[in-house]
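Visitor: Chains as they are written, first to last, in our numbering: chain D, 90 to 641; chain E, 3 to 215.
Treat the hints with caution; some may be incorrect.
Stated by the list, open to error - In silico SDA-like links for lysine to any residue, alpha-carbon gap of 20 Å or less:
hint: 1; chain 1: D; residue 1: Lys-562; chain 2: E; residue 2: Leu-188
hint: 2; chain 1: D; residue 1: Lys-226; chain 2: D; residue 2: Gly-481
hint: 3; chain 1: E; residue 1: Lys-147; chain 2: E; residue 2: Thr-167
hint: 4; chain 1: D; residue 1: Lys-562; chain 2: E; residue 2: Asp-189
hint: 5; chain 1: E; residue 1: Lys-147; chain 2: D; residue 2: Gly-481
hint: 6; chain 1: D; residue 1: Lys-484; chain 2: E; residue 2: Lys-15
hint: 7; chain 1: D; residue 1: Lys-484; chain 2: E; residue 2: Glu-122
hint: 8; chain 1: D; residue 1: Lys-484; chain 2: E; residue 2: His-152
hint: 9; chain 1: E; residue 1: Lys-15; chain 2: D; residue 2: Thr-327
hint: 10; chain 1: E; residue 1: Lys-62; chain 2: D; residue 2: Ala-488
hint: 11; chain 1: E; residue 1: Lys-118; chain 2: D; residue 2: Gly-487
hint: 12; chain 1: E; residue 1: Lys-147; chain 2: D; residue 2: Ser-482
hint: 13; chain 1: D; residue 1: Lys-562; chain 2: E; residue 2: Glu-201
hint: 14; chain 1: D; residue 1: Lys-562; chain 2: E; residue 2: Tyr-200
hint: 15; chain 1: E; residue 1: Lys-76; chain 2: D; residue 2: Phe-100
hint: 16; chain 1: D; residue 1: Lys-484; chain 2: E; residue 2: Tyr-200
hint: 17; chain 1: D; residue 1: Lys-115; chain 2: E; residue 2: Arg-181
hint: 18; chain 1: D; residue 1: Lys-484; chain 2: E; residue 2: Arg-56
hint: 19; chain 1: E; residue 1: Lys-147; chain 2: D; residue 2: Lys-542
hint: 20; chain 1: D; residue 1: Lys-484; chain 2: E; residue 2: Glu-151
hint: 21; chain 1: E; residue 1: Lys-15; chain 2: D; residue 2: Asp-524
hint: 22; chain 1: E; residue 1: Lys-76; chain 2: D; residue 2: Asp-524
hint: 23; chain 1: E; residue 1: Lys-147; chain 2: D; residue 2: Glu-568
hint: 24; chain 1: D; residue 1: Lys-562; chain 2: E; residue 2: Glu-198
hint: 25; chain 1: E; residue 1: Lys-147; chain 2: D; residue 2: Asp-569
hint: 26; chain 1: D; residue 1: Lys-115; chain 2: E; residue 2: Asp-189
hint: 27; chain 1: E; residue 1: Lys-76; chain 2: D; residue 2: Leu-184
hint: 28; chain 1: D; residue 1: Lys-226; chain 2: D; residue 2: Asp-455
hint: 29; chain 1: D; residue 1: Lys-484; chain 2: E; residue 2: Gln-60
hint: 30; chain 1: E; residue 1: Lys-62; chain 2: D; residue 2: Glu-492
hint: 31; chain 1: E; residue 1: Lys-147; chain 2: D; residue 2: Arg-485
hint: 32; chain 1: E; residue 1: Lys-147; chain 2: D; residue 2: Asp-570
hint: 33; chain 1: D; residue 1: Lys-542; chain 2: D; residue 2: Tyr-233
hint: 34; chain 1: E; residue 1: Lys-76; chain 2: D; residue 2: Gly-360
hint: 35; chain 1: E; residue 1: Lys-62; chain 2: D; residue 2: Gly-487
hint: 36; chain 1: D; residue 1: Lys-484; chain 2: E; residue 2: Leu-156
hint: 37; chain 1: D; residue 1: Lys-484; chain 2: E; residue 2: Ser-133
hint: 38; chain 1: D; residue 1: Lys-484; chain 2: E; residue 2: Asp-189
No lab work stands behind these hints: they were computed from the structure.
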Amino acid sequence: MSADPFLADPFVEPRAINGRAPDVFKPGAWLEMSQYDDNDEVDFVVVGTGAGGGPLIARLAEQGFSVVGFDAGAYFRPLEDFASDEIEQQKLYWLDERIIDGANPIRMGGKNSGKAVGGSTVHFAMVSLRFRPEWFKSRSQLGYGADWPLDWREMWDYYRRAEKALSISGPVNYPWGPHRPRYPYRAHELNGAAEILARGAEAMGYKWTATPLATVSAPHGDSPPCVYRGFCRFGCSTNAKQSQLVTFIPRGIAAGAEIRDLAMVGRIDTGPDGRATGVHYHRQGRWRFQKARNIIVAGYAIETPRLLLASANDRYPDGLANSSGLVGKNLMTQANQAVFGVMDQEVRWNKGPPSLSITEHWNYNDNKDFHGGYCWMAQGPLPVEWASIVTGSRKRWGAPLREEMMRYNHQVGLKMVGEMLPDERNRVTLTDEVDQYGLRIPRITYSWGENDKALIQHALGEMHRSMELVGAKDIFRQEDDTNHLAGTAKMGSDARDSVVNADCRSWDIPNLWICDGSIFPTTGGVNPSLTITAISLRTADRIKALANRGEL
Amino acid sequence: MTDRFPGYDVLAKRRTPSWNEPTRQVVNRRLAVPREPRFLTSDLFVVLDAVCQRIVPQPKDRPPVPLAALVDTKLFTNLQDGFRYAEMPDQGEAWRRGLAALDEAANTHYQLGFAKLGGEQQDDVLRRMESGELAGGALGDMPAKLFFEHRVVLDIVTFYYANPTAWSEMGYGGPASPRGYVRIGLDRRDPWEAAEAYEGDDAKARRENGFVG
Numbered sequence: 090m091s092a093d094p095f096l097a098d099p100f101v102e103p104r105a106i107n108g109r110a111p112d113v114f115k116p117g118a119w120l121e122m123s124q125y126d127d128n129d130e131v132d133f134v135v136v137g138t139g140a141g142g143g144p145l146i147a148r149l150a151e152q153g154f155s156v157v158g159f160d161a162g163a164y165f166r167p168l169e170d171f172a173s174d175e176i177e178q179q180k181l182y183w184l185d186e187r188i189i190d191g192a193n194p195i196r197m198g199g200k201n202s203g204k205a206v207g208g209s210t211v212h213f214a215m216v217s218l219r220f221r222p223e224w225f226k227s228r229s230q231l232g233y234g235a236d237w238p239l240d241w242r243e244m245w246d247y248y249r250r251a252e253k254a255l256s257i258s259g260p261v262n263y264p265w266g267p268h269r270p271r272y273p274y275r276a277h278e279l280n281g282a283a284e285i286l287a288r289g290a291e292a293m294g295y296k297w298t299a300t301p302l303a304t305v306s307a308p309h310g311d312s313p314p315c316v317y318r319g320f321c322r323f324g325c326s327t328n329a330k331q332s333q334l335v336t337f338i339p340r341g342i343a344a345g346a347e348i349r350d351l352a353m354v355g356r357i358d359t360g361p362d363g364r365a366t367g368v369h370y371h372r373q374g375r376w377r378f379q380k381a382r383n384i385i386v387a388g389y390a391i392e393t394p395r396l397l398l399a400s401a402n403d404r405y406p407d408g409l410a411n412s413s414g415l416v417g418k419n420l421m422t423q424a425n426q427a428v429f430g431v432m433d434q435e436v437r438w439n440k441g442p443p444s445l446s447i448t449e450h451w452n453y454n455d456n457k458d459f460h461g462g463y464c465w466m467a468q469g470p471l472p473v474e475w476a477s478i479v480t481g482s483r484k485r486w487g488a489p490l491r492e493e494m495m496r497y498n499h500q501v502g503l504k505m506v507g508e509m510l511p512d513e514r515n516r517v518t519l520t521d522e523v524d525q526y527g528l529r530i531p532r533i534t535y536s537w538g539e540n541d542k543a544l545i546q547h548a549l550g551e552m553h554r555s556m557e558l559v560g561a562k563d564i565f566r567q568e569d570d571t572n573h574l575a576g577t578a579k580m581g582s583d584a585r586d587s588v589v590n591a592d593c594r595s596w597d598i599p600n601l602w603i604c605d606g607s608i609f610p611t612t613g614g615v616n617p618s619l620t621i622t623a624i625s626l627r628t629a630d631r632i633k634a635l636a637n638r639g640e641l
Numbered sequence: 003m004t005d006r007f008p009g010y011d012v013l014a015k016r017r018t019p020s021w022n023e024p025t026r027q028v029v030n031r032r033l034a035v036p037r038e039p040r041f042l043t044s045d046l047f048v049v050l051d052a053v054c055q056r057i058v059p060q061p062k063d064r065p066p067v068p069l070a071a072l073v074d075t076k077l078f079t080n081l082q083d084g085f086r087y088a089e090m091p092d093q094g095e096a097w098r099r100g101l102a103a104l105d106e107a108a109n110t111h112y113q114l115g116f117a118k119l120g121g122e123q124q125d126d127v128l129r130r131m132e133s134g135e136l137a138g139g140a141l142g143d144m145p146a147k148l149f150f151e152h153r154v155v156l157d158i159v160t161f162y163y164a165n166p167t168a169w170s171e172m173g174y175g176g177p178a179s180p181r182g183y184v185r186i187g188l189d190r191r192d193p194w195e196a197a198e199a200y201e202g203d204d205a206k207a208r209r210e211n212g213f214v215g
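If we strip away everything but chain E, and leave its shape as in the complex, we get (with noise of 0.2 Å):
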């Protein structure tokens, strides 16, 4: 995957006017997320940081998300989505169930745990699930096809597009208080905002990149 805001890290803007104190401190306070799981088990803890290693493959030159850590965090501080179906467990309680059945699945189809199968194969599992094939077992009588769009992978992508790694490799400028933007129109960059890499010239975004601050 081609970098296309070569150099650029929001977190240059940090100390700037873009950030207030509230936002400094969120973002410190999600950066600095207790590794290990304190809702989950530590067997499902495994499985979740296999699965989210494929929802999103993490880029290997930023700072890695933790989002297993994150997603368990979520579950431990019961930060709640404001609704649920009505086939469907609390969110902690789907965790639970969603995780262990993946696991049962690797096991009935390649005789091992979901976090000890190669990539190729826990994406075939976790199609099986995302196409509603999976069902009774851990799951119980909850929906595999509701379960793996709501809580796999919103969970987990929600806390990657939430953290500065996902913010850099996009471009996007990021928080933005007090000083917000100037230029607003079509094809117009504050200096403060991201430069993307055209037509293979690497160097001069990199070097925009550079003063973003």
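Chain D on its own, in the form it takes in the complex (with noise of 0.2 Å):
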């Protein structure tokens, strides 16, 4: 993308590549990695360097596994790279073309989809919430979705692990839920934008919080503390974001593992005995094959189904993993809608990373008429996001629309994050274009069900209240925005509903695994990014602990 040699290139040439990959922490510098041959049958390849891969590939490895993990991105320097900018920084964005379709088409790209070593975790906005125990068995407890085959009790100690391995900057007490330990960190002090939620959610009567964030409040390693420059969802220019890229990546390599950047994979082979034997893999300008043992997917709830469905063959001629025919179904998002309004006072909502409140109220309070939770945080969108959520939501151009930008540094806002439901009609699939490799293009379709709606409008309410209540003016809604992604590899107790079971290992191939956003069963009222990871550091003690009795 950049011409500039200064930069040097990250998208010409792979830069972990000949044994060597680079030191995130220092400019110019490099770290000794391990290189497999393509004909080593390594014991894992994982697909996807983010949330769901990255700490995969730590563990793994650390427990003495030869790793290979691919990533279609590019392996960034976040000290050189990275600029405060809003267009430049698209280049950690997915932005392949996807088609998109049906009744609330889901817009992709850098809300939704990262192509970087590290994945989303470059460009995430660092929220790491824990599930409510209940929604581990919302079918049962809840009495809607689908039950997970894992147990929230087990998942609170890898949650902890989580908190630990990424420094979670929080609260000393968190308000809901059953007791957690104290976070790692110190809670971030609140911004403006912050303090304007706090007070809404009092005058409401109900609890808030300091937002447990992944980005360290005081030094961590070679991660300096914030310094709440605010361009967080386009990535970190300082590394104080504990992205997968400066943690469980530089561990990963530290214990052996090899990364592949700008190595795309298109398509899993299996042998006679019907196992998985390796990937085919674009890089450097042509296909190669990486033999395997044991196949990790881990690409998220849209490059995941694609990979396994554009893996059919004679013997799988529906896909790979996908004799339950759920493969690329039940894919879910997460409503987004916010509430915006103007204060009096100076917000300058830009400053800080831009959720540093929540309140969970209607994620633990089951006194409404529709199923699921939702919270909501502060907001601080930059000026490109801020446009095109007035135009968007407004309508407004030319004059008006320039005179309201002018009131941005008095803008303030709330932005729910919610829980849409499973259903078998919001689904990846694949068309019959191509990309530049040559694979071809995921169709994505997706419609609001009815109880999605009944949410939406419910928090809308609730947000709207809580904006007058503040004295926030000109208040509007943004009715149409989603965010994160979940399902179309779900994970169950029975081979017959589900492709994953709750070790993340397919159902068909006994050495296939998935492991990411995909497996979800539900969704859940906050961002998932926490969850995968703890159900990736769960996957790893699970594999280690089935070497270790012969049944890999």
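Starting from two chains that each stand alone, build the complex the way the hints lay out.
Guide: Take a look at the structure:
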């Protein structure tokens, strides 16, 4: 993308190659890295290096397995490559074309798809929340969705480990749910937008708290504390953010894992015994084949089913791991509607991480006439995103747009993360168009259900009331936004109605695993990354236990 | 339109710890974008330029943003969005058809090309597209409303608000690495942020904005 030799373009040639990988903490420095031959049958190939793949790469390597992690994206050096710029930093996103349709098409790109070593955690907003315990059994305990084959008490322990590994900054006491230990790092101070959320919540009689965030509030290793520059969703240029790129990936390399950047996996092969044998991947202008004893797919809710479906062969004509017919189905996004208004005070909401305070009131209160929960958080969109909201929700253009944009420093807002319910009609399929690798482009079909609409209207009403109570003026609603993804390779306890078991192992092919947000049977009312990380850590432990018993 | 941040220029911070080297290079490249079209024909580029002036009428007292050139560059370099509505063609084709359709509608209603119309007439044609009234002809099967919302407004507005001129006029701090911010609570301002003019007290704000850096 960049033509400047100074920036040593990360898109032209791979950086993790010839036995070394970038040291993200030191300009121009390198880490020694293992390098495997395509013909080495490695213990594990991991496809994807985000919240699902990253912890597995590190933990499996630390347990002594040979591991190669593939990512289609670039290996960035944040200190040298990251600008404070909303357009330039789109280089972190998966911008390859996907066709969207349905009654409520999901706009893909920055908010839900990363393409980089470290995956979406390089651009995520760092919000690190635990599920409500009942969500792991929402069918039997709350009457909707599906049960997970996981026990919340075990997950509570893996959440703790994930929070420790990512040095999460958060409050001493979290106001909702069963006890959890205090967060490893102190909570960040509140910015103006977060203060407004707190005032509104208190006026409504709801609890609120500083949001647990994966950016450090004090030094950790080579990471300096957050400087509140506010470009979190466009990549952290100081390495305060605890993305996979600066945490588990360097850990994995130190433990002997190899990372291959700019390496797009297009197909998984299976042998005469039906087991997976390796992956075809595109790197440096040609297709190659890496042999492997086990393959873990961690490409998130679009690329994971895309790869499984594209790997269809004579033995598995409907795609790999798809005897249930559920690969690609039950795609879920999360409702991300917002209410905005104008304060007399100067808020300057661009300063600091965008979501410094939160209320999970409606995740833990079941006195409502729809299923699922939601939280809302403070907001701080930068100018390009804010302009897209003002044009999209208020249909402003011309002089009225510029007038409205000049109130930027006084704007304030609340944005929800809301649970949408699984529905088999919401799905990922393959079109006949092909992309730059010659691979079939996915089609993403999405329509909101009646329950989704009821939840959204409830949340909009509540956020609107909160904005009124703090004295915001010229209040308006952003009605159409969605964010995170989940589903498409559901985890379950029965091979007939799920794709993987509780260990993220596919029912159909014992050496094919799936570990990312696509295994979620339900999506809950919080950001998914910490749950993906916790499941990834658990899966690494389960693989070790199975290996010890000779059951791999 | 009154200037709420008189004398504030985000570029005054270009050599301060609020701008790192990658940011300086990115903004330099954007400001130096070639002004001649590289993707659209010169005829369509003239229409695009006229559309840009209506979607974002620019301030007279700040450096103009070359919006048409930036949109053309997006198409030329094929910087994609990450998705495409099933009923839409790819972005280059969409812009070609859409601009031709605006010209077509201008001729139908005013017997002149779009670029030759007065501002109110141009807005009238744009509103016909926004409301979905335009159909067929150069548009083909592309829905006018979706093209207007998703391409015309978003592409143009995005590039305006990715420029120092826009950042300065809205009092936005702009690039912020590695220095970031220290005073982040309500009604707090770091000395390297814009001061707003209240109650017509332009002089005080202008003075403070002279020290931003």
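Visitor: Run every hint past the structure and note whether it holds.
Guide: Verification of the supplied hints:
no.	hint	in the structure
1	D:Lys-562 / E:Leu-188	holds (16 Å)
2	D:Lys-226 / D:Gly-481	violated (37 Å)
3	E:Lys-147 / E:Thr-167	violated (29 Å)
4	D:Lys-562 / E:Asp-189	holds (17 Å)
5	E:Lys-147 / D:Gly-481	holds (12 Å)
6	D:Lys-484 / E:Lys-15	violated (33 Å)
7	D:Lys-484 / E:Glu-122	holds (18 Å)
8	D:Lys-484 / E:His-152	holds (11 Å)
9	E:Lys-15 / D:Thr-327	holds (19 Å)
10	E:Lys-62 / D:Ala-488	holds (13 Å)
11	E:Lys-118 / D:Gly-487	holds (18 Å)
12	E:Lys-147 / D:Ser-482	holds (14 Å)
13	D:Lys-562 / E:Glu-201	holds (19 Å)
14	D:Lys-562 / E:Tyr-200	holds (18 Å)
15	E:Lys-76 / D:Phe-100	holds (18 Å)
16	D:Lys-484 / E:Tyr-200	violated (28 Å)
17	D:Lys-115 / E:Arg-181	holds (18 Å)
18	D:Lys-484 / E:Arg-56	holds (14 Å)
19	E:Lys-147 / D:Lys-542	violated (24 Å)
20	D:Lys-484 / E:Glu-151	holds (8 Å)
21	E:Lys-15 / D:Asp-524	violated (41 Å)
22	E:Lys-76 / D:Asp-524	holds (19 Å)
23	E:Lys-147 / D:Glu-568	holds (18 Å)
24	D:Lys-562 / E:Glu-198	holds (19 Å)
25	E:Lys-147 / D:Asp-569	holds (16 Å)
26	D:Lys-115 / E:Asp-189	violated (37 Å)
27	E:Lys-76 / D:Leu-184	holds (13 Å)
28	D:Lys-226 / D:Asp-455	holds (15 Å)
29	D:Lys-484 / E:Gln-60	holds (18 Å)
30	E:Lys-62 / D:Glu-492	holds (15 Å)
31	E:Lys-147 / D:Arg-485	holds (14 Å)
32	E:Lys-147 / D:Asp-570	holds (18 Å)
33	D:Lys-542 / D:Tyr-233	holds (15 Å)
34	E:Lys-76 / D:Gly-360	violated (45 Å)
35	E:Lys-62 / D:Gly-487	holds (15 Å)
36	D:Lys-484 / E:Leu-156	holds (11 Å)
37	D:Lys-484 / E:Ser-133	holds (11 Å)
38	D:Lys-484 / E:Asp-189	violated (30 Å)
Violated hints, in rising order: 2, 3, 6, 16, 19, 21, 26, 34 and 38; the structure is consistent with all others.
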